[in-house]
Each structure stands twice: as C-alpha cells, then as structure tokens.
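K.L.:
Let the hints inform the model, and build the full structure from the sequences given.
2 protein chains.
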Amino acid sequence: MSITKKTLQDIGEFGLIAKIRNWMATSRPEVVRSIGDDVAVIDMGQKALLLTTDILIEDIHFERSWTDPYRLGRKSLAVNISDIAAMGGTPKYFLISIGLPKRLPLSFTSLFYRGLKDEARRFQVDLIGGDTSLSPKIIINICLIGEGKKGNILFRNGAKVGDDLYASGTLGDAALGLKILQDKGLRKKPKGLVNKHLSPTPRVELGQALAKKHIASAMIDISDGLLNDTNHILEESKVGAQLWEDRIPLSTLYRRWAQTYSKAPYQIALSGGEDYELLFTASPQKRAKVSSLARSLNIPLTRVGEILPEKEGVHLIRKGGKEVKLPRLGFDHFR
Amino acid sequence: MSITKKTLQDIGEFGLIAKIRNWMATSRPEVVRSIGDDVAVIDMGQKALLLTTDILIEDIHFERSWTDPYRLGRKSLAVNISDIAAMGGTPKYFLISIGLPKRLPLSFTSLFYRGLKDEARRFQVDLIGGDTSLSPKIIINICLIGEGKKGNILFRNGAKVGDDLYASGTLGDAALGLKILQDKGLRKKPKGLVNKHLSPTPRVELGQALAKKHIASAMIDISDGLLNDTNHILEESKVGAQLWEDRIPLSTLYRRWAQTYSKAPYQIALSGGEDYELLFTASPQKRAKVSSLARSLNIPLTRVGEILPEKEGVHLIRKGGKEVKLPRLGFDHFR
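Top to bottom, those sequences are chains X and C.
So the first sequence is residues 335 to 669, counted in the working numbering.
So the second sequence is residues 335 to 669, counted in the working numbering.
Fair warning: there could be bad hints in the mix.
Intra- or inter-copy, both count: the list cannot distinguish identical chains.
Lysine-lysine pairs mimicking PhoX-like chemistry, simulated, CA-CA at most 20 Å apart [what the hints assert, rightly or not]:
1) 381 - 483
2) 471 - 436
3) 659 - 451
4) 547 - 494
5) 471 - 451
6) 623 - 547
Think of the hints as simulated: they come from the structure by calculation, not from any bench.
P.N.:
This is the structure:
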C-alpha cells in the first residue's frame, strides 16, 4: 500500500499520536511533559501547571438516547479531572467549547450546564472561558488546567522492577454498564453498573494523597482499560509486569452480570475502559502505607500485579496458574 | 412561547453566552477575566496567564471543497493567536483536540499538521498536548495559553469618551473572500481576497507594541465584523461611538469586487467577520505615536471613529454626512 493512500484506519489512534509527536516535537526546557501524555506539564518555578483536554462527540462517545444532559455535563468535566487526579494534582480552571444543534431544546443546555456546575463545585474548579458553535451533533471539548507541587507530581514513567501494581475501586463496571445501556432488549438495567458508566467519580483525593505522601512511583487513570493503561505505564517506565487475573477487584454487580455479555469472566474488567479508577505502582516497602490510606479514604486499593524487567513483557496469570503472554489489547478509536 | 420549548435558535449565541455567564459565575480573586471574554486572564503574580479556545467544525466553519489541509492547520492556530494578540500578550503553548473521519487520507492529516507546525514556528508557540477521536466530520479545537505582563494587558473595557477608534490593515477582505470561495459560478477567484479568508495573519507584534508602549486604552480582534466587535468594546467600556463609513480602510481588490456581492459598498466591510485585524481605542494625545508605530511596523492603522458617551449609542456617519443610528448587526451562530 502506498503511503499516500493510507487512511487513519490503517495507522490507528496510537499510530497517529506517534506521528504527531514526531511532527510537532517541542524543545522548550520548561515543558516537562507534552504530546503523548494525558496531561502536559509546564514548570512554573515551585509550582507546575498541568493541562489536559478531552473531546466528547455525540454518537461516538455518548448517545442522547441513553444519557441525560445533567449527567453528561458532570461526566464531561469528571473525565478531565481524572487526568489531573492521576498526577496527584489539583484541578483549578477549565474552558469549554461546545457545539450544539440549532433546534436543541434550551432545557437540554441548561441541564447540561447544571451538571457541569455541580461537578465543578464538588471539586472547586471554575469555568473561565470557552467557545460556542452551531453543530449538527453535540460536541463537548473541555480544557482543564490544574496545578501541582513540582516534587510531588506523579508520571507514568516512575515504575521500578519489583514494585507492586495497584488498582483503586472495582474494575469493569463502567464497560459493563455501557453494554447494558446499549442492550435494547434489557428492560430493567442494574443502576449500579449504568451509573458507573454515566457518572464516574474522579479519584482526586486519593491521587493527591499518593503523591503528597510519596507512596506511588508511577500513576495513570484507567480510562482505556486495565491492560491498555498498564501498558502505558510499562512503556513509559521501560519495564514489564505480571497481572494476577483473580486479584482484579470486581463488584458484586459485575460478578452477577458479566457472564451475560462475555464468556471469559475477567475479559470486560481487563479491557473495558472508562472506570476512571487509579492504577499505580509502589515499592513493597509502602504496603502498610497503602493499606492505611485505603482505610482512611474508604477506597479499596488492590494489589493486582508486580513490575518485572522490560524483557519479560506483560504476563497475565490466569485463575489456576496458567500464564498468558499478552499483546496490547484495548480500545482504538480509529479501528 | 413557554420556556421549556425554547431552543438555542430562539435565544441566539449571545443569549446563550449571557446565560452561561449567569449559571457559572466564578468568584476566585485571581480570575481577572472569564466567561464572555475571548480570553480568560489569571493573575499569577507579576505575570498573567491568558487562555483562549476556539472550535472549528467542518461544514460550519469551513468546507473541505474550498480549503486545503495545510492552510486549515495554519488558520486553526492563527485565530487563537489573534485572541492573545488582541490583549497584547505573547502566545506560548497550545493543546489540540481533533476529530477525524475513519477514512480520511493520512495525507490530509499530515498536511494539516504541517500547516499547524509552520504557524506554531512562526509565532514560537509549542504544541503540548491534545486528544484525538473518530468523528463523522472534521472537528478542530485548540486551547491556546499565552502570557502577558500584568500592567500591560489590554481589555475591551478601557475605552474613554473622546478616544479615537482605530482599525489595522483593511477590512472586509476575508468576508468577501468567503463569498468568492462559495460562488460556484466564478472560475477565476481573486487570490488576495481568498487568501485573506484562508490564511489570516494574527497581529501579534502590533498588539504587543500597543500594549507595551501604553498607546491603546481598549482592544479586540475583528473576528465577528467591525460593527459587532465595536459593539463588544462599547458594551464592556460602557460608552457609545460614531463610525465614519468612508474612513473604513478598504483594499483595492475589495473596491473592485464588493459590488458583485453587495449593493451597499461598505456593507461587507462593516458586518463581515474573520479579518483578524485589531480594533483599538487610544486617546487623541497618542496620535503621533500611533502614526509612528504604523510606519515602523508597516501596517496601516486607520482612525475609523470616535468614542462618545454611552447614551449616544452607535452612529454610522455615511459618505455624504447622513447619520444612521445602528442596531447591533453581525453574525450569530445560532440564528
């Protein structure tokens, strides 16, 4: 296939990001992190400025038939706050660009902004600007600005061989909730799972505590799925890992419903996205501190794996002890 | 009409922005400017952080048939740089969210980024992050971060009664260029006008000089049209103005082509948007400084009006002396 005939489908989302990184490389010394990371980091002296952006497009990221404008408003902001949480930062300000159909009822817009406002208040984040446009589909783009203390910020690239790998909360609920929302035959939809998809809670307090107390060595939020996001840490840290399938924290509702949509009981928890839980690594010396933090914040923090040398790649230890060497799985927008 | 049945079309873009401002009011002392301004301003001590965002949507803001990806890349960044220029600030970093169709040729994307890169280099701006997504239409959202010295930043609200009103460059060329692009019957399209629409030049150096030398009292970039953007200054400064129609700076090409698309020779220059020239007010004592700046930068700076007390509203003095009191004209996305 000649280069000129290639489409985005051929190179995929991660291929595109690699190309953009290559095309647009920056050399400013104060730019600590840029393209390819979820959050850009700019050194401002004692503080660092954290910047992240996410776009949500109707019928790609959500459907009007199974969301409501209030929760859409909350989630639009929540997914950006989660990126700042994953560095241990404090979200501060945001700008929102919004594209809206001409005949959209004003009530939709006002409920959307009510959700946005409630989420902003909850995390003490302020709307400072934006842009509005007509659009055939609803488009929401948020750019969130946060800050962090320079010595405390957590990146994806700090994982060390021998570190434990932890996940917060339970995994797979959001992806399972999405399958349930999309299941037109299912009348009574289990609220707990649906809510985890529609109304995720960014783990700001947990992220800040892990950073401030210097417990974690690397961190990311689980937006692309456990395997994909583990891979992000491994690539940036130049390490490998093993994951213990039967240690993956699952909710009671997940255990009840997963079998309806997948034969492999852990599949959705392994590759499903949008849980917005935190995935982090920490030295085994920190185990007591991790447990004590889990208790004090009342958030489950579960050891799901261990960091190995890079040459080991990623191994999944299945229930029963069978070991599987994994290729990268997960979601690619363009494929 | 009941409130719940209202649509965005009923309240219009400016009605929506007023509502958002009302819903989302911020009270943080360091937020100097926020919703409703083109640029948000955050007090960081000596420096101020300037943040602006613009969304471009295929078939709303541009059509693939009459743009090329390289110029689209340049313009996407240019329109944001222009917002920072209009405050006298220095553009520094940007994030880009991009929605792309699955079957878009990779060559489109790489040309788009080449344009983006050339514009970024020209103004020494660095890409630091973004988001990519699949989308049925091309969507481009840029969030640009700049900085300025706190005492120098220019706002819309500094115009004083008696100030002169100036415009840079020539007006109406971009809007006329758009009409020409859309005119399917026209084979040979005049490049000068078409280029002004496709490849606007943000007036960064001019904006910085007007701010640093404390020449201007209020400033805005002309993105919504001369009348509309004059109105923005008047509303924020709580003043009125008269505009002299025959002083509006017109290009030779504009004079030749405007009559093909409008009976009133100044109409397109008065209400057409996207020139990205600067509109500013300055005390009559600064006239010599304005002239000298125009010469040194080789940019025409034309006195097009005068600031009056608020109760006078906006008067347009037509060629020949006839005075017209103006309602607000210009472009509203939702109407």
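K.L.:
Run every hint past the structure and note whether it holds.
P.N.:
Tested hints:
no. : hint      : result
1   : 381 - 483 : both (5 Å within a copy, 19 Å between copies)
2   : 471 - 436 : both (10 Å within a copy, 17 Å between copies)
3   : 659 - 451 : neither (45 Å within a copy, 40 Å between copies)
4   : 547 - 494 : within (18 Å within a copy, 54 Å between copies)
5   : 471 - 451 : neither (22 Å within a copy, 29 Å between copies)
6   : 623 - 547 : within (9 Å within a copy, 57 Å between copies)
When each numbered hint is compared with the structure, violations occur for hints 3 and 5.
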